[in-house]
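There are 2 protein chains.
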Amino acid sequence: MKANKSGSEQKQKSESIGRRGFLALGSALAGSAMMGGKAAAADSYPPKDPDWSLMLGPGVVDRPYGQPSQFVKGVIRRNVPWLTATQESSVSFTPLQDQPGIITANGLFFERYHGGRATVDPAQHRLMIHGMLERPLLLTMDDIRRFPSVSRIHFIECPANGGMEWRAAQLNSLQFTHGMVSCAEWTGVKLSTLLDEVGLKKDAKWALVEGADAAHMDRSLPIEKCLDDVLVVYGQNGEALRPEQGFPLRLIVPGWQGNVNIKWLRRIQIGDQPWFTREETSKYTELMKDGTVRGFTWLIYAKSVITFPCPEKPLKGAGIYEIRGFAWSGKGKVTHVDVSTDGGVNWERAKLQDPVLPKALTRFTHEWRWDGKPTLLQSRCVDETGFVQPTISELRAVRGVNGIYNNNAIQTWQVKPDGSVYDVQLA
Amino acid sequence: MKANKSGSEQKQKSESIGRRGFLALGSALAGSAMMGGKAAAADSYPPKDPDWSLMLGPGVVDRPYGQPSQFVKGVIRRNVPWLTATQESSVSFTPLQDQPGIITANGLFFERYHGGRATVDPAQHRLMIHGMLERPLLLTMDDIRRFPSVSRIHFIECPANGGMEWRAAQLNSLQFTHGMVSCAEWTGVKLSTLLDEVGLKKDAKWALVEGADAAHMDRSLPIEKCLDDVLVVYGQNGEALRPEQGFPLRLIVPGWQGNVNIKWLRRIQIGDQPWFTREETSKYTELMKDGTVRGFTWLIYAKSVITFPCPEKPLKGAGIYEIRGFAWSGKGKVTHVDVSTDGGVNWERAKLQDPVLPKALTRFTHEWRWDGKPTLLQSRCVDETGFVQPTISELRAVRGVNGIYNNNAIQTWQVKPDGSVYDVQLA
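Sequence order for the protein chains is A and B. Numbers in the working numbering are just positions in the first sequence, counted from 1, shifted up by 2. Numbers in the working numbering are just positions in the second sequence, counted from 1, shifted up by 2.
Note that these hints are calculated values from the structure, not bench results. Heads up, a few of these hints could be off.
No distinction is drawn between identical chains; accordingly, a pair holds when it is met within one copy or between any pair of copies.
[To be verified] With a Cα cut of at most 20 Å, we get these calculated EDC-like pairs of lysine to aspartate or glutamate:
| # | residue 1 | residue 2 |
| --- | --- | --- |
| 1 | Lys-204 | Glu-386 |
| 2 | Lys-291 | Asp-356 |
| 3 | Lys-335 | Asp-356 |
| 4 | Lys-285 | Asp-53 |
| 5 | Lys-353 | Asp-274 |
| 6 | Lys-227 | Asp-53 |
| 7 | Lys-75 | Asp-144 |
| 8 | Lys-315 | Asp-145 |
| 9 | Lys-285 | Asp-145 |
| 10 | Lys-50 | Asp-425 |
| 11 | Lys-227 | Asp-344 |
| 12 | Lys-75 | Asp-123 |
| 13 | Lys-50 | Glu-324 |
| 14 | Lys-204 | Glu-281 |
| 15 | Lys-227 | Glu-90 |
| 16 | Lys-315 | Asp-144 |
| 17 | Lys-203 | Asp-274 |
| 18 | Lys-333 | Glu-90 |
| 19 | Lys-333 | Asp-356 |
| 20 | Lys-75 | Glu-396 |
| 21 | Lys-353 | Glu-167 |
These figures come from a predicted structure and were not determined experimentally.
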């Protein structure tokens with residue numbers, strides 16, 4: 003252990019926002035102060051105990067599976083009723099404004115269904131691997147759990163995350179602009195381990211991956227990605243996959259758009275060309291300015307967003323704040339995040355919080371003294387390949403305005419003098 | 003992307019357990035095979051869809067906060083009714099045998115109460131910091147959230163974890179031998195940041211930390227630890243702290259025994275000597291062979307356990323298996339884990355799974371060909387300080403047999419020819 007430091011020595015090592023900044027916070031204990039909701043003489047500690055400090059609470063037997071506090075009921079997934087024709091082929095958004103770290107709580111992980119949430123009996127479920135390979139297989143869940151396992155922390159993002167922003171259909175909400183991204187620790191088998199077991203034939207170039215849901219959601223994946231870092235997972239943040247995430251088995255395609263991370267995975271077919279399924283032709287493609295269509299745009303490029311302050315979490319008067327947010331890139335690790343508090347004129351380097359993992363949400367923080375005047379906040383992610391998150395203008399110049407998918411533009415939050423925060427787009 | 007590899011090239015890079023080992027798994031697709039629970043001609047894929055693959059599932063509106071699958075209801079916390087006099091001062095054990103990665107699901111995190119689970123209104127809750135300091139403070143939850151924040155993944159272990167093993171009161175269950183350890187991503191404020199704000203006086207040497215529960219659970223902590231890595235946290239795995247874990251505010255004392263990680267934290271008093279509270283005198287001390295008592299034994303030493311196979315997860319016949327488990331150390335990172343499949347005669351180095359983080363659960367795996375004969379499985383953790391996890395005999399030689407706490411001995415699982423697994427102690 004380090005030697006105890008005197009007060010003056012500690013002052014020298016204090017963070018920049020330390021004693022200068024936060025002295026305005028909290029109530030000094032001179033005179034009376036609030037303790038337990040009622041005024042109490044704080045210099046005669048302890049004051050009268052509040053009720054909740056005197057009641058013996060429930061013991062260990064009433065909640066074999068725990069639940070959040072009754073006081074945080076508002077922290078839930080939300081959907082936008084008009085966004086899709088049906089609720090069975092729709093999306094719910096995670097409350098990113100209330101996510102404290104890089105792990106998304108299993109109960110709050112965003113949902114995207116193409117045929118509703120399938121209910122699959124794991125004892126009956128099978129994974130079939132067939133096509134251009136030496137030894138087609140039909141695997142039970144017990145079989146799959148026998149294979150060598152890995153655990154990885156990765157984000158999943160729907161490419162439609164931010165889609166409403168392309169045309170400025172703004173709901174003034176972080177949850178709705180960026181809530182189709184979540185992050186978890188996944189456990190399962192490398193797809194390369196399974197493909198090694200079945201023995202790919204020489205011309206094997208593509209895999210069709212298919213779900214057991216009513217939509218039989220399917221996508222084509224190049225075999226190089228399958229042999230790289232794709233996982234077939236059954237575990238999520240300390241327990242079995244949640245039904246919303248494809249219980250009992252899903253694909254994790256690290257860094258690639260959500261819809262290829264097939265849920266309720268039941269079939270992998272190996273072939274020598276892509277299948278051009280409905281979900282990679284009529285959907286998940288992008289109409290460009292010149293009338294051509296971009297397809298197979300799997301990769302999630304460098305992206306970031308400020309989660310505090312945001313429309314749901316306004317500021318409370320001038321003073322020092324910690325700006326907080328998440329950054330992520332489908333190409334690997336986040337190298338750094340810059341923050342602008344003047345609409346992109348000046349940029350300062352934010353702190354990254356450990357752990358910084360490839361293709362995972364990465365938390366950043368940045369100390370900021372707000373003078374109470376109106377301003378514009380932005381964050382900009384740079385990943386280990388040197389890719390720099392673009393502005394919405396840069397993105398529109400390349401992609402036009404027909405897009406729904408793959409909006410990784412820098413987000414601008416407008417701060418008004420009363421501390422309220424608005425979703426705006428700079429020209 | 004890497005170039006596509008032909009089947010023969012892949013074979014060369016296969017893992018040791020690959021094509022040789024797992025060919026026994028799964029059903030080859032020649033002839034008929036099981037798909038969807040009933041026999042189906044697998045060469046005419048797809049076979050008849052099972053019911054669950056044809057039904058449109060619920061949409062995105064029915065579960066704003068999700069729940070585990072109806073098929074995993076047995077994965078729950080469990081308690082031992084006879085272990086404690088009341089259920090309000092007791093413990094529940096996490097189902098470690100079903101934890102796939104290093105993160106423990108919030109709903110399954112082990113519980114330890116001294117006065118039951120407190121129900122605390124965050125709007126009414128206050129943290130008081132007073133004593134030998136320049137500027138005592140009373141902080142609201144909003145105040146605390148304003149301070150610079152950090153996120154860390156750390157385990158918490160009750161020092162009584164494994165306590166029943168000291169006297170061989172064996173329940174033949176991994177959940178009950180090792181289920182008082184869990185691991186989460188915590189978000190909050192460094193205690194050093196708060197102490198820097200209040201300004202410690204020169205003679206400040208100890209902190210009393212106290213909870214708002216009915217037990218007013220309190221412990222003394224040396225100021226060096228408080229200024230090192232202790233956190234005051236409000237976030238847990240993507241959401242607010244769970245009530246079981248001290249909502250809205252708890253202390254995280256990385257690598258130190260669970261009971262000092264005060265839940266429902268309401269008060270920190272700074273002084274120049276320890277308080278010798280009830281929970282550090284009559285409890286959480288160890289009676290040694292010579293009649294003296296060890297106190298203030300905070301540190302969790304290097305420890306590990308095999309989670310597969312285990313009593314709850316037996317083997318299914320001879321063949322190749324992946325042995326899986328967790329290792330942890332309160333002194334820092336796990337450097338390596340050795341596994342013995344012959345009762346400690348020979349040891350082999352296990353693989354560690356990323357991420358390997360200080361004072362966090364670390365997952366290890368080890369491939370093993372079981373010949374179907376009876377044997378003894380063990381794992382042994384070594385941490386970055388060089389500390390080697392001891393045998394139970396080594397531990398008894400030093401500590402005697404009066405102990406309840408701090409049993410970090412190597413665990414032995416006896417495997418019988420039918421694949422069943424038993425908790426045994428070697429002489």
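Status of each hint after checking the structure:
In this assembly of identical chains, Lys-204 and Glu-386 lie within 20 Å of each other by CA distance neither inside one copy nor across copies; the values are 33 Å within and 46 Å between. Proximity of Lys-291 to Asp-356 under the C-alpha cut-off of 20 Å is found in neither arrangement, the shortest distances being 41 Å within a copy and 43 Å between copies. Both within a single protomer and between protomers do Lys-335 and Asp-356 lie at most 20 Å apart by alpha-carbon distance, with minima of 12 Å and 14 Å respectively. For the homomeric pair Lys-285 and Asp-53, neither the shortest alpha-carbon distance inside one copy (57 Å) nor that between copies (27 Å) is at most 20 Å.
For a Cα distance limit of 20 Å, the shortest separation of Lys-353 from Asp-274 qualifies neither inside one copy, at 45 Å, nor across copies, at 35 Å. Within a single copy, Lys-227 and Asp-53 get their C-alpha atoms no closer than 58 Å, and across copies no closer than 32 Å, so neither meets the 20 Å cut-off. In this homomeric assembly, Lys-75 and Asp-144 come within 20 Å of each other (Cα to Cα) only across copies, at 18 Å, whereas the closest approach inside a single copy is 37 Å. When the C-alpha separation of Lys-315 and Asp-145 is checked against a cutoff of 20 Å, the pair qualifies only between copies, where the shortest distance is 14 Å, while the shortest distance within a copy is 47 Å.
Proximity of Lys-285 to Asp-145 under the C-alpha cut-off of 20 Å is found in neither arrangement, the shortest distances being 34 Å within a copy and 47 Å between copies. Taking the shortest alpha-carbon separations for Lys-50 and Asp-425, neither the intra-copy value of 45 Å nor the inter-copy value of 49 Å comes in at or below 20 Å. Taking the shortest Cα distances, Lys-227 and Asp-344 never come within 20 Å of each other, neither inside one copy (40 Å) nor across copies (40 Å). Taking the shortest alpha-carbon separations for Lys-75 and Asp-123, only the inter-copy value of 13 Å comes in at or below 20 Å, while the best intra-copy value is 30 Å.
In the homo-oligomer, the alpha carbons of Lys-50 and Glu-324 never lie at most 20 Å apart, since the shortest distance is 34 Å inside one protomer and 57 Å across protomers. For the homomeric pair Lys-204 and Glu-281, neither the shortest alpha-carbon distance inside one copy (27 Å) nor that between copies (67 Å) is at most 20 Å. Taking CA atoms no more than 20 Å apart as the test, Lys-227 paired with Glu-90 passes in neither setting, with 30 Å inside one copy and 52 Å between copies. For the homomeric pair Lys-315 and Asp-144, the shortest alpha-carbon distance between copies (12 Å) is at most 20 Å, but the shortest distance inside one copy (45 Å) is not.
In this assembly of identical chains, Lys-203 and Asp-274 lie within 20 Å of each other by CA distance solely inside one copy; the values are 10 Å within and 73 Å between copies. For a Cα distance limit of 20 Å, the shortest separation of Lys-333 from Glu-90 qualifies neither inside one copy, at 31 Å, nor across copies, at 50 Å. Within a single copy, Lys-333 and Asp-356 get their C-alpha atoms as close as 19 Å, and across copies as close as 18 Å, so both meet the 20 Å cut-off. When the C-alpha separation of Lys-75 and Glu-396 is checked against a cutoff of 20 Å, the pair qualifies neither within a copy, at 40 Å, nor between copies, at 50 Å.
For a Cα distance limit of 20 Å, the shortest separation of Lys-353 from Glu-167 qualifies neither inside one copy, at 27 Å, nor across copies, at 45 Å.
Of the numbered hints listed earlier, those contradicted by the structure are 1, 2, 4, 5, 6, 9, 10, 11, 13, 14, 15, 18, 20 and 21.
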